[in-house]
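There are 2 protein chains.
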Amino acid sequence: MKMIRITRITRITRIKRTTGMIVAMALSMLLAMQAGAETGYELWMRYVPVQNQPLLNSYRLQINSIAVNTGSPTLRIVKNELISGLTGLLGKKIDTTGKTALNGILSAETYNPAGVSGKAGLKSLLEQTGEEGFVIATKTVNNKKHIIITGNTDIAVLYGTFHFLRLIQTQQNISSLQIISTPKMKLRMLNHWDNLNRTVERGYSGSSIWNWHTLPGYIDPRYVDYARANASIGINGTVLTNVNANATFLTPPYLQKVKALADAFRPYGIKVYLTARFSAPIEIGKLKTADPLDPQVQQWWNDKISEIYQVIPDFGGFVVKANSEGQPGPQDYKRTHADGANMLASAIAPHKGIIIWRAFVYSNENPVDRHKQAYDDFVPLDGKFNSNVMVQVKNGAIDFMPREPFHPLFGAMPKTPLMMEFQVTQEYLGQGTTLAFLAPLFKETLESDTYSKGKGSTVAKVIDGSVDQHALNGMAGVSNIGSDINWTGHPLSQANWYALGRLAWDHSLSSEKIAEEWLRMSFSNNAAFLSTMIPLMCNSRETVVRYMNPIGLHHIMGTSHHYGPAPWVSNLNRPEWNPVYYHKADSLGIGFDRTSKGSNALGQYAPEVRKLWEDINTCEEKNLLWFHHVPWTFKMKSGRNVWEELCYNYYTGAEKVKQMQASWKKMQPFVDPQRFDQITMLFNVQYEEAIWWRNACLLYFQTFSKMPIPSNYEKPDRSLDYYKSLRFPFAPGI
Amino acid sequence: MKMIRITRITRITRIKRTTGMIVAMALSMLLAMQAGAETGYELWMRYVPVQNQPLLNSYRLQINSIAVNTGSPTLRIVKNELISGLTGLLGKKIDTTGKTALNGILSAETYNPAGVSGKAGLKSLLEQTGEEGFVIATKTVNNKKHIIITGNTDIAVLYGTFHFLRLIQTQQNISSLQIISTPKMKLRMLNHWDNLNRTVERGYSGSSIWNWHTLPGYIDPRYVDYARANASIGINGTVLTNVNANATFLTPPYLQKVKALADAFRPYGIKVYLTARFSAPIEIGKLKTADPLDPQVQQWWNDKISEIYQVIPDFGGFVVKANSEGQPGPQDYKRTHADGANMLASAIAPHKGIIIWRAFVYSNENPVDRHKQAYDDFVPLDGKFNSNVMVQVKNGAIDFMPREPFHPLFGAMPKTPLMMEFQVTQEYLGQGTTLAFLAPLFKETLESDTYSKGKGSTVAKVIDGSVDQHALNGMAGVSNIGSDINWTGHPLSQANWYALGRLAWDHSLSSEKIAEEWLRMSFSNNAAFLSTMIPLMCNSRETVVRYMNPIGLHHIMGTSHHYGPAPWVSNLNRPEWNPVYYHKADSLGIGFDRTSKGSNALGQYAPEVRKLWEDINTCEEKNLLWFHHVPWTFKMKSGRNVWEELCYNYYTGAEKVKQMQASWKKMQPFVDPQRFDQITMLFNVQYEEAIWWRNACLLYFQTFSKMPIPSNYEKPDRSLDYYKSLRFPFAPGI
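In the order they appear, the protein sequences are chains A and B.
When you read off a place in the first sequence, starting at 1, and then add 870, the result is the number in the numbering used here.
When you read off a place in the second sequence, starting at 1, and then add 870, the result is the number in the numbering used here.
This is chain A alone, in the form it adopts within the complex:
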C-alpha cells in the first residue's frame, strides 16, 4: 500500500499528452475550480498558487530545484509532497534533479555528515531536536544557496517538509531561515470512538472512515490521505477504536485489518493503538474470569499481545476505559486500576508498547459528587503504576463541557505521567452545526496553573512532563473525523483537528496564531479576510459558552444525545446523568456548591487554586455556578444580579451568532462558492439553535428565579412546554 502515493507521481510521465491538451486540461480544471469545486477534502493542504505576485516571484527565485534522497517510503513521501505542494503553490514545474540551478536548491535529507546537512554544519542544531524535531535553515553549500530541511530521522524531515510548505502557504518570508522545532510532547494522538459497525460515538460527520468489512484487502485512498493530514500537523498516534471497546478487534481477522491500516500509516510516522476490552479474556479467550491477578488471565494477555506484535511490530499499545459507564474493569474483581493497568503493562513492556489508562471513571453506586470520583480513585494509586503506563485525564472533571475548570488530577499525581484528553468532536458544543473553534478551550486548560510545584506549574507543563520530569508524555484528542467528504462535517471544524495537532506539537502557540495559519491555508491570505476571521474564530467558543452554559453552568444538554438544551431532565436512572444534578436551581438560587460547605470538590485542588475559587468574591465569574450555589439576587461585577446576568449572557450569546452570520456574509469575495454557501447555511442553523438554547434555558430557570426577562430583550416566542416536548430519537453520535 505504501507504494500507492509514490506510483501516482511517477506515473505522471507515463501519461502522454500534447501541450495543447495540457493547456486545455488546465483551463478546464481551473474553471471547474472557479465554479466552486472546493469540497474541503484537501483540508489545509490545498496548495493553491501564491496570490501575492511579488512574493510568488521571490519564492520562484529561491526554489529552483529540489533535492531529496528517496531511500525510504517516508522520504519518497517527502519528495512527492514537495513536488505537488510547490507545483501548486508556485505554479511551475519543479525541477527535481537538484543540480541544474546555480542557486535556490531546496534540499530535504535526514542528517548526513556527507550531505548538505553535514556540510552546512547543522549537526549542533540537531542535537536539540530529538527523534522528531527538525531544522530548516538557509545555508550556502558548495557555493549554492540552499534551503535545507533536515532532522535526525526520516519522519523529522517529513515534519519539516510540511512546516516548510506551511511557510509558503501562509506567505512567510523564506529568504533567511533558521527554524528549530521540536515537539513538546512525545505522544500526539487522535482517539477515534469508532465502532465495528461504522457508527461513531459522538461523531457528527458521517460514519467511521474505517471500513472494517473491506479491510485488509481494500485500502481506501482515504486512509493514506488521513495519515498524510495527521503527519502534516505532527500527530503520531491514532487509536482506531472506541473506548467503549469490543473484543472482536483483538481476534485474528481483525488484527489483519488493523495491520493493513498500520502499514498504510507507518511511512507517515503514525502508530496504531487499540482499545482493550478488559473482559476480552472471557469474551474471546473463553476464560471464566478477567481478574488481572489471575495467572491464566495474565497468560492470555501475554499471548494476545505477542500475537499482535507478530502482526504489527510497531503496535503502539492500548487505551483502556475500565469500570466506567458500564465498562468492565479490575474493580469487578476488587482490584485497583493500577492492578489492571500493570497487568497489561507487564505484558506489553517486552514489546515496548504502552498502556494508556483512562481516569474518566464514576460510579452510580458512589453518592459522592461525580466531580470528585476520578481523583478519589486515582490519587491513592500515584506511584503504583508501571513505568509504561500513562493515565489519560480529560481536561475537566465532568465531561468536555463548553467551559470546564481544569481537572484536579493535573498536578495531583506527580509520580504518574498524565496524558491530556481533549475532545475535538463537539459532543457538548453544538455538534455538527456549530462553529466552536476549540484552540481557546484547549489553551485555557493548558495555561491553568495547578500550583502543584508552586506558581507556574501549568497543566501544559504537567502533561509535557516538565513539572515532574516524566519521559512519557502526550496529548490526545477525541477525533471529529468522519466519512463526510470534507472529513469534519462543518467546514470550519477542520480547524479543531488542526489545532489539536499544532498544540500537541507546541502548546505555546496562541489560538490566534493557529487560527491564522489554518485560515490562510484553508481559505485565503487576504488581509481583510484574516482580520475578520481570526477574531471570529477565536471568539466563537466563548459565544457558545454564553448561550449554552454561561457563568459556570454545565451538563444541561439533552439526554443521551447531548443535542440542545434540557436542563429540566430529572428522571434518568443515575443521578449524575440528570441536568438537575448539575445546575441545582431552586427558589433560592442556582449552581453546584463544591466548596467545603458543599461537596468540597475544591478540596482536591492546590491551596492557591482552592482559595481563589472557594471565595465567591474571588472565584472568576465564568466558573461561578460551577463551584457555588448562588442566590438569584447575588450581584455580579456588572451590577446585574445572577438572573439578569444569565439573561444577559444568553441574549448576548445568541446576538453574537447573528453577528458572526453578518461578518461571514462579508467574506463572500474571499471564499469559494461551495464552502461559502455551506458555512452560511450552518450559521443560520446555529443561530436557530442559539435561540433555542436561550429561550429554553431562560424559560426553565425563570420557573425558579420568578423574575422577568429584562424588557429590553425580545420575549421567547415559544413556551417552555414546547421546548420540553422536543425529541431527537435519531440524533447522531449515540
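Hint data in this document are derived by calculation from the structure and do not stem from the laboratory.
The reader is advised that the hints may include incorrect statements.
One copy or two, either will do: identical chains are not told apart, so a pair holds if it fits within one copy or between any two.
[Stated by the list, open to error] Straight-line Cα separation of at most 20 Å, SDA-like style, residue types lysine to any residue; simulated pairs: (1) Lys-1594 to Gly-1428; (2) Lys-949 to Ala-907; (3) Lys-1222 to Leu-1342; (4) Lys-1576 to Asn-1012; (5) Lys-1127 to Met-1551; (6) Lys-969 to Thr-940; (7) Lys-1454 to Asn-1493; (8) Lys-949 to Thr-1008; (9) Lys-1535 to Tyr-1088; (10) Lys-1467 to Glu-1490; (11) Lys-1127 to Trp-1562; (12) Lys-1242 to Lys-1535; (13) Lys-963 to Ala-907; (14) Lys-1454 to Lys-1505; (15) Lys-1528 to Tyr-1088; (16) Lys-1594 to Ile-1154; (17) Lys-1594 to Pro-1123; (18) Lys-1129 to Met-1551; (19) Lys-1585 to Thr-1573; (20) Lys-962 to Lys-1129.
Could you slot chain B onto chain A? The hints should help.
Relative to chain A, chain B alone:
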C-alpha cells in the same frame, strides 16, 4: 437552495485574478489531476478535454457560442451545465452571448414558436416527444448554423443537454444531428433503502447520503450533485426512505426535511416519494387501528396526505411494503392488498399522487413455495386497484438473485400497471467488492417473453405499458448510492446506477452500448481500453453467476447479511430463509422441483413458457436447478453430469475473475492511478471471494453427490468446517 449552483457560476466573474495567476492555478490543478486525484465523485460527468485533436478542433469550430434563455431554475442549470461541460471538454472559454459567432451556435430552449426552435421548424418533431422527450437538431436559422436542443418542457431541454454533452464526451460526430428521444417509461426511479439513523439496508458504500439531522437547514452540496447525476441519465423520481418504513418520516419536522430535499431536486426534474408505514395511523396518529376500511383511518390518511401536499405540492406519492417480512398491512385486518392500496390511492388522488404497492410478499404461515405466493396473492386482485395504483414487482419471484427467471406476475395482471423493481445495489451479487455489471441482468429480464398477449409480449413491453395500454408505467432500481466519496464504493459499480437510468429511458439499448457510453465518459475513449473493458464489463455478471449460483442454484448466501456462501444453513426460523429450502440437495440430486410434480410454480407462467421450462430437456440449463430436482448423474449438453457441471462452473467462474484481474492490469496506461489502484485491490478481493464461494459450495454439495472434484482442478485448501465456521457479525447493509 436552488440558487446555489447558479451563484457558483455567476460568481466566477467576481473572483479577480491576473492572467499569470490563472495560468499558475491551471497548471497546479492539472498537475494535481495528473497526480491521481480522480476520486470518482464526478461520476460520468468528468468533462475532461477531448483527446482526439482533429475531433476537438471540429467540435470547437462547431460550438462557437451558446444561447440559453435562463428564465427558470432548470434552464439556468442547462446553461451552467453547458458552460462547465463544454469548457472542460473543449478546453476553451465558452461564449454565452449567442451573438458573436457567424456560425456554430448551440441553442438550448424550451420550444418557442418565435425562437430558433420555432424558426427551425421543429414543432412537428416535438409532437412525438411528450413532456420529457427532446430533439437535438442541426439547423440553419438566420443564416447561421445552429445546433438546437429543444423539448416541450424545461426538463426535456435539460435531458437533451445531458445527451448532447454525452455525444461529445463519447466523441460522436455532431456535424449533422437529428436526434429525437422520448423516454419509454414515465417513472424512472431510484428506491433508497435508507433508514433514519443513516444506515442503509443492503448498502455497501458507506452510510446514507441523507443527513436527516441537519436537514432542513443544511443542504449538503451532495444533494444537488445527486439530483444532477440522476437528471443526466433521465431518472425523475426518488424514494428517499426504506421500504421497511418508519412512521417518523410522516411527522411535521421530517416533512420539512423532505421538503428541503424536494426543493433541491425540483429543478432537476426529480420528484420525491416516501415509503408509507401502514400502521402509521396507530404509531403517530394515536388511532387504535390501521384498518383501511375504518373511516377514522381513511380520514387520518386524507389529512396526512393533504398536509404533505401543503408542504410539497409536487410530492410523488408512496411506496408501500405491506404484509411482507413482518411489515404491517391490510391483511392484519383481513383486508386485501387492494383494500390497502386503494385507501391510500383515494386519499392521494386529489393531489395527483400515486401509490406504488409492492408485490414482494411471502408469509411464514404459508407453506406454499415462496416462488408462488406473490402471484397467488395478487393475480386475484387484478382489476381491483384504483387507477393511480401501480404494483411494483421484483424482476424475479425470489429476491434479486444473480440470475432469476422473470417474475410470473409479469403478464399475469393485464388490468394493473406493473412497475419493475430491479436491485442496483448488489445484495446477492458480491456486495461492495465485486464487479457485476448489471445491464445484462436487467436486459435478460426485460427481454424475456411472457407470451401474455402472444409471442413478443416481453417483460419490457408489459412494464412500459405497451402490451396492455397502461398510461402509468415505470421502472425502479434499489439504489447502490452511499456516502463514499465515489458514491457507490466500487468505482465500477457506478455503471449500474448509470445502466438503470439509461434502460428506464430506453430499454432497447444494448448492454454493450451502455457499457461503452459509461466507460468512455468515466474513463477513456481509447479504443484499446474499450475493446478490453466493454466485454469485461458485460461478462462480469455471468462470471458471478458461475461462481455463486450456477445452473439455476439460488439463495444459498450467508444468513441475514447475504455475504458469501452458506448453502448448509438449515436452522433459521422461517423455512424459506434457509438455503437448504432452495437447493434441496440430497443423495439423489439437487434443485427445486417447481414442475407440476413439485410445487408447480411453473403453473403460474403462460403455457408457452411453462412448457419450455417444465421439460427438463428443453429448460435452459442456466435455469435447470431453479425448476428441477435433477439427479447428480443427469447428463448436461456438455456431456458432463450435474456434479461435474457444477464443478466446471465454480472453477471456471473463479478462473474468469483471475482473467479480469489480468486484463485490468493491462489497463493501467489508460486509467488514473487512484482508480486503477482501487479497482486492482477490489479484483484481488473478488478473486479471494470467488475461491471461497467455489470451495465452500463444492465441498458442501460434495457431501451429497459423493463424487470427486475432477482431478484437473486444484483441490480446495480449506475444509468445509473452516468455511462453515466463518462469521461476519458486522457485515454491512443489514
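Here is what the structure says about each hint:
no., hint, verdict
1, Lys-1594 to Gly-1428, "within (10 Å within a copy, 45 Å between copies)"
2, Lys-949 to Ala-907, "between (27 Å within a copy, 17 Å between copies)"
3, Lys-1222 to Leu-1342, "within (12 Å within a copy, 70 Å between copies)"
4, Lys-1576 to Asn-1012, "neither (81 Å within a copy, 80 Å between copies)"
5, Lys-1127 to Met-1551, "between (38 Å within a copy, 14 Å between copies)"
6, Lys-969 to Thr-940, "within (16 Å within a copy, 56 Å between copies)"
7, Lys-1454 to Asn-1493, "within (15 Å within a copy, 72 Å between copies)"
8, Lys-949 to Thr-1008, "within (19 Å within a copy, 52 Å between copies)"
9, Lys-1535 to Tyr-1088, "between (42 Å within a copy, 16 Å between copies)"
10, Lys-1467 to Glu-1490, "within (19 Å within a copy, 88 Å between copies)"
11, Lys-1127 to Trp-1562, "between (44 Å within a copy, 18 Å between copies)"
12, Lys-1242 to Lys-1535, "neither (45 Å within a copy, 62 Å between copies)"
13, Lys-963 to Ala-907, "between (23 Å within a copy, 18 Å between copies)"
14, Lys-1454 to Lys-1505, "within (19 Å within a copy, 83 Å between copies)"
15, Lys-1528 to Tyr-1088, "between (46 Å within a copy, 17 Å between copies)"
16, Lys-1594 to Ile-1154, "between (44 Å within a copy, 18 Å between copies)"
17, Lys-1594 to Pro-1123, "between (47 Å within a copy, 15 Å between copies)"
18, Lys-1129 to Met-1551, "between (40 Å within a copy, 16 Å between copies)"
19, Lys-1585 to Thr-1573, "within (15 Å within a copy, 78 Å between copies)"
20, Lys-962 to Lys-1129, "neither (38 Å within a copy, 47 Å between copies)"
The structure shown violates the earlier hints numbered 4, 12 and 20.
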